[in-house]
Amino acid sequence: MSHNLLLVLPLLLPLLGAVACLLVGQRAKVQAILAGVVQAAWLASASVILYEVSQNGIFATRIGNWPAPFGITFVADLFGALILTSAAVVGLAVWLFSLQGLDFERKRIGYYPLLLLLQMGVSGACLTGDIFNLYVWFEVLLICCFALLSLGGTRAQLEGTLKYVTINLIASGLLLTGIGVIYSLFGSLNMAVLAQQVRQHGHQSMPLLSLTSIFFLTGFGIKSAIFPLFFWLPASYHTPPIAISAFIAGLISKVGIYTLIRLFTLLFVSDLDFMLPLLLVLSGLTMVVGVVGAAAQTDFRKILSFHIISQIGYMLMGLAIYTPLALAGSVFFIVHNILVKTNLFLVSGVVARLHHSFSLKKLGEVYCRQPMLALLFLVSALALAGMPPLSGFWGKFMLAKGGFEAGNYTIVGVSLFVSLATLFSMTKIWNEVFWKNKPASELPIPESAPKATVPTVWLLYTPVVLLFIAILFISVYAEPLIGLAQQAANQLLYTKAYTDAVLNQ
Amino acid sequence: MELLLPFLIGILFSVSIYFILHRHLFKLIMGLILFGLATNIFLFVVGGLTNGDVAIIKKTHEVAVVPYADPVPQALLLTAIVIGFGLQAFAIVLIRKVYQSFKSNNLDDLHKAE
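Order-wise, the sequence lines are chains W and Z. My numbering puts the first residue of the first sequence at 1, with every later residue one more than the last. My numbering puts the first residue of the second sequence at 1, with every later residue one more than the last.
Since the hints were made in silico from the structure, they are not lab data. Don't be surprised by glycine CBs; every beta carbon is placed ideally from N, CA and C. A portion of the hints provided could be inaccurate.
One side only, chain Z facing chain W, incomplete, derived with CB under 10 Å [claimed, not checked]:
#, residue
1, PHE35
2, ILE57
3, VAL72
4, ILE83
5, GLY84
6, GLY86
7, LEU94
8, ILE95
9, SER101
10, PHE102
Stretch by stretch, here's where chain Z covers chain W in the computed footprint (C-beta under 8 Å, at least three residues) [what the hints assert, rightly or not]:
#, segment
11, 132-139
12, 152-166
This is chain Z alone, in the form it adopts within the complex:
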């Protein structure tokens, strides 16, 4: 997995940037979503993937048994996902409003309308 995921992240980043550079509004929102996804997976992988137990300490133990997964990156990831979800929802509504207002899917038309 750890060999595969960096390539996946790389592909996601490049695809998202490619989409964002397009003029099409739908591709823009796809690009933004994929970009958020790529950063989230990056955050997850860079925190270290552990095959092991959860970090909850058992009743019979004083400390958690190694190996256990580091809970901090997971907490960060959850926060980042929620924030990203909110931002993307706003971006989708905004892009829909732009489309309704300009009657066009093309980013270049926005400038002409001014």
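Okay, chain W solo, but in the shape it has when bound:
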């Protein structure tokens, strides 16, 4: 298949799928089947892109056949392809979960088209090679997030969405401002051209570039919830149903951090002496604040939400250390985290579906009643905390080793302490939800609560098992993914391959 078509497929498939879903009207079952077909095709196209990039190196395509600095280019490098593939795995799992885990009403009024358009936004953000186009894809992704978060319109959802919308509109405004400054400084928006220009020594607009990088750090910092811009995340991510929040929580803040890593390795390299210590401090604080926040929570989903923040700190840590090994650690960690975090959210969804609560105080005895679910949770939770030989360990090992080699002992110490605290948090969920005796509930389970039959339960388990297998695969057989992550980090740090692929077609 030609590269031109291949690079557009991850955008085209969800778009066509969403259009088809809208065309069949409110028939939720037909929509579900269509969405499932698209999920499979999306995963296939992402995997083919990943395979092509790992075999033949970075490749690019020009939209509308306009030559590179003038038209919009789409580029697939290993980092983008890895994120895209893990997003596709998660997309498939969330689709499977939605079959039984989401109420009929929300499926009828547009869950599937919105999910597909959100995935189109993610593909666009991962593949685009133009900085303004990146902003546009982020807006596509955001408006779908807004609509998904408020889908159904319960009070809690509306409150969460309002916060999310406000803060994200401000973040988008900051990004747009930064893009305007970049265009006025360099007269181009193509990231490859910009990467070449910022590496020419003595460019007159160099001092202003650092100012611009702060716009982007703040804008994408808000979107990826780094310290001190994270307050919206635990206030909004737990409000919608799990089939929605699992995808958003698992993926969207990682797309923000993906963009930060992309921009700070490609464009904002002129003032690293100042930026890297700043990023290092931010990453340390993000880790600590996230995990401390989680300790105070008693809601399954809120604990997991705070852990998203804490894990974002690790991803930022790799960028802040800025060596090939540490960046590879970040790349590995993002892939691992997308899978694990989504799986934990799905487990919380299954628990809530079977026991009608997210509150740690009301839950109990899940280990006794669903031992298999307990096992699935335990493995994912230990992977999140970084217990060897599970996937979190490899990511943290690479980050810590990179930190030691670069001489950043403090951040390594902080990250190891935070790992321990993560383990504490996971143990808390384990004790409260899975081990302790179920407290005598004051409120009887409402009559309207849907009964879970045996096939329903199996269908709920399927996505969790799917992600469980994916996590075990990258844990036990981590070598290929570590290799890919190292190659991806090299592509990030030595940008010649990237610029050549875009500009010399």
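Please arrange chain Z on chain W, whose structure you already have, making use of the hints.
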């Protein structure tokens, strides 16, 4: 104009932030709209204001005659306006829904209702 516009942008930004920090829902949406407006004007000004011709090449010429206005910031601006319009429309509907659901204009009441 180029002396005046930066001040206008500055005022718009500060007013919008002031509005967003209010508890009132209507002021929130006003703030969001003004913030979008301020970024759009900023994008327009920072791309360079040119008194001159459009960037369309005449039939008799090989290239456009200088001075001509740079078309890229205008294209960016148009895209940004359209996107901003969509987002603001969503925000207005959302805020109306919040008002209907909570029967209150005050952001602080949202928390109490939980």
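Hint check results:
Using the Cβ-Cβ criterion of 10 Å, the hint placing PHE35(Z) at the interface with chain W is satisfied: the shortest such distance is roughly 5 Å. For the restraint placing ILE57(Z) at the interface with chain W, the shortest Cβ-Cβ distance is roughly 15 Å, beyond the 10 Å limit, so the hint is violated. The criterion of a C-beta within 10 Å of any C-beta in chain W is met by VAL72(Z), whose closest approach is roughly 7 Å, and the hint holds. A least Cβ separation of about 5 Å between ILE83(Z) and chain W falls short of the 10 Å threshold, and the interface hint therefore holds.
Satisfaction of the interface hint for GLY84(Z) is found here, the shortest Cβ-Cβ separation to chain W being roughly 8 Å, below the 10 Å cut-off. Below 10 Å, beta-carbon pairs count as interface contacts, and GLY86(Z) has one with chain W at about 6 Å; its hint therefore holds. At its closest, the beta carbon of LEU94(Z) sits 6 Å from a beta carbon of chain W; the interface hint therefore holds under the 10 Å criterion. The interface hint given for ILE95(Z) holds, since its Cβ lies 7 Å from the closest Cβ of chain W, which is under the 10 Å cut-off.
At its closest, the beta carbon of SER101(Z) sits 6 Å from a beta carbon of chain W; the interface hint therefore holds under the 10 Å criterion. Interface restraint check: PHE102(Z) against chain W, minimum CB-CB distance 7 Å, threshold 10 Å, status holds. Residue count for the segment 132-139 of chain W with a Cβ under 8 Å from a Cβ of chain Z: 3. That meets the three needed, and the coverage hint holds. Here's how the segment 152-166 of chain W fares: 9 of its residues keep a CB closer than 8 Å to some CB of chain Z, so the rule of at least three is met and the hint holds.
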